[in-house]
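Novice: Residues per chain, in single letters:
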Amino acid sequence: MTTRRTGWIVGALAVALVLSMLAPGAVLVLAVPVAVVGSILTRRRPRGHEDRDVAERLLAAAATLTGERTSSDGEQVDWGAALRAELATITVPRERRRFAVGAAVALLGRPHSRRSFVVAAGVAVAFGAGVLGVSRAGLGDDGLGSVTMLLPPVMLFAVGYLCARSTRSLRFGLETGVVAAVTTLGAVAVVYGVEAARWYHLAPDVSVLDGDHVAFASTRAAVLGAVHPVILLVHLVFWSPWPVLGAWAGREHRRPATG
Amino acid sequence: MRRSRKPTPQTIAVVLALADNPSGWSHGYELCRQLGLKAGTVYPILMRLAERGQVETAWETDPPSGRPARHLYRLAGEGTRFAEELRAAAAAELPHASRSGGVIRPALGEPF
Chain B
7 MTTRRTGWIV GALAVALVLS MLAPGAVLVL AVPVAVVGSI LTRRRPRGHE
57 DRDVAERLLA AAATLTGERT SSDGEQVDWG AALRAELATI TVPRERRRFA
107 VGAAVALLGR PHSRRSFVVA AGVAVAFGAG VLGVSRAGLG DDGLGSVTML
157 LPPVMLFAVG YLCARSTRSL RFGLETGVVA AVTTLGAVAV VYGVEAARWY
207 HLAPDVSVLD GDHVAFASTR AAVLGAVHPV ILLVHLVFWS PWPVLGAWAG
257 REHRRPATG
Chain P
4 MRRSRKPTPQ TIAVVLALAD NPSGWSHGYE LCRQLGLKAG TVYPILMRLA
54 ERGQVETAWE TDPPSGRPAR HLYRLAGEGT RFAEELRAAA AAELPHASRS
104 GGVIRPALGE PF
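Going down the list, the protein sequences come from chains B and P.
With the working numbering applied, the first sequence corresponds to residues 7 to 265, in that order.
With the working numbering applied, the second sequence corresponds to residues 4 to 115, in that order.
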């Protein structure tokens, strides 16, 4: 067993231990992405990476963040590979560095923003509608917090993973996953606000977040309590690693296993 | 019609450089050196031209041992027509250039 693999297992166990103290139900849900990422990242990697100079490392990093582009005839062009092959023909170190900087700029220069926003908006609308449905169906008597805290990590991991895997672009997975996290937070805030007002009229002393008894003075106070910036920030902090891990895992999953 | 904006001098330079080599393939780094442009300028242009179908790309089929196959570029049919349009436009603006038979090159103003 490699040191790296051992590190992942210890890390996953530590996460599971902390989560088991905070929320036992979260262990299973959140340990799965950690296990997936760990198993992918601890696969054997090609030899020879240690011989790469700064230029090659820079270009390799930029190429990792980008995927293939489609030419007009539908052919997929791997520009990262094209630029790295070109770099391999340049022998003067200064020229290599200059070429690598320019090539990295070329690779990173054009975002996939429109597609990312479309996917992220779809994810946010679907999740918001789901949370609203849970609340209206009376399934959220214990508050909506457990749904909005625990499901998005899995969902955002899946978004990052699928986007990175389908396009072979870590960058697209990251962009889409992170934007999806932000738009989903917006959807959660809207649903919390709407449902806090509704719950206040049905049961004025029940928190929409966790179903606990909280004495709100008015509808406005109930809404502001539900969409308090600290609550939203905690959500975002809790969610934020998962789209990044998902995108990374999706990118790694497309690489052929070597060794 | 995709070309809604006037091409930049750098785009014109890349297209004309590829047009000067109509039968063979060019390498990206060669174009950078030939035109005195940075890779960060030339490659986005090549990417855009390839996406528009004006440039066709291929991988070197028989690279020397010890280095990977390079990516090659040449004008496709639509790119050749684009180059002819650019030449005609440049000749109309600078009639003396075409009369002298010289190669028309835009002023790039960007040292390598």
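To be clear, the hints were calculated from the coordinates, so they are not data collected in a lab.
The reader is advised that the hints may include incorrect statements.
Distance ranges between label pairs, derived from CB positions [unchecked claim]:
id, chain 1, residue 1, chain 2, residue 2, range
1, P, P66, B, G139, 54 to 60 Å
2, P, D23, B, P99, 39 to 45 Å
3, P, G27, B, A127, 44 to 50 Å
4, P, P66, B, R100, 23 to 29 Å
Examples of chain P residues toward chain B, derived with CB under 7 Å [said to hold, decoys possible]:
id, residue
5, Y32
6, G39
7, K41
8, G43
9, R73
Beta carbons: idealized from backbone N, C-alpha and C, even for Gly.
Novice: Work down the list of hints and note, for each, if the structure agrees.
Specialist: Hints, one by one, checked against the model:
1. P/P66 - B/G139: 54 to 60 Å: Distance hint for P/P66, B/G139 holds at roughly 58 Å.
2. P/D23 - B/P99: 39 to 45 Å: The hint (39 to 45 Å, Cβ to Cβ) is violated, given that P/D23 and B/P99 are roughly 31 Å apart.
3. P/G27 - B/A127: 44 to 50 Å: Cβ of P/G27 to Cβ of B/A127: about 47 Å, so the range 44 to 50 Å holds.
4. P/P66 - B/R100: 23 to 29 Å: holds, 24 Å
5. Y32: Cβ of P/Y32 sits 5 Å from chain B, so the hint holds.
6. G39: violated, 12 Å
7. K41: Result: holds, 4 Å to nearest chain B Cβ.
8. G43: holds, 3 Å
9. R73: holds, 5 Å
Hints 2, 6 from the earlier list are contradicted by this structure; the remaining hints agree with it.
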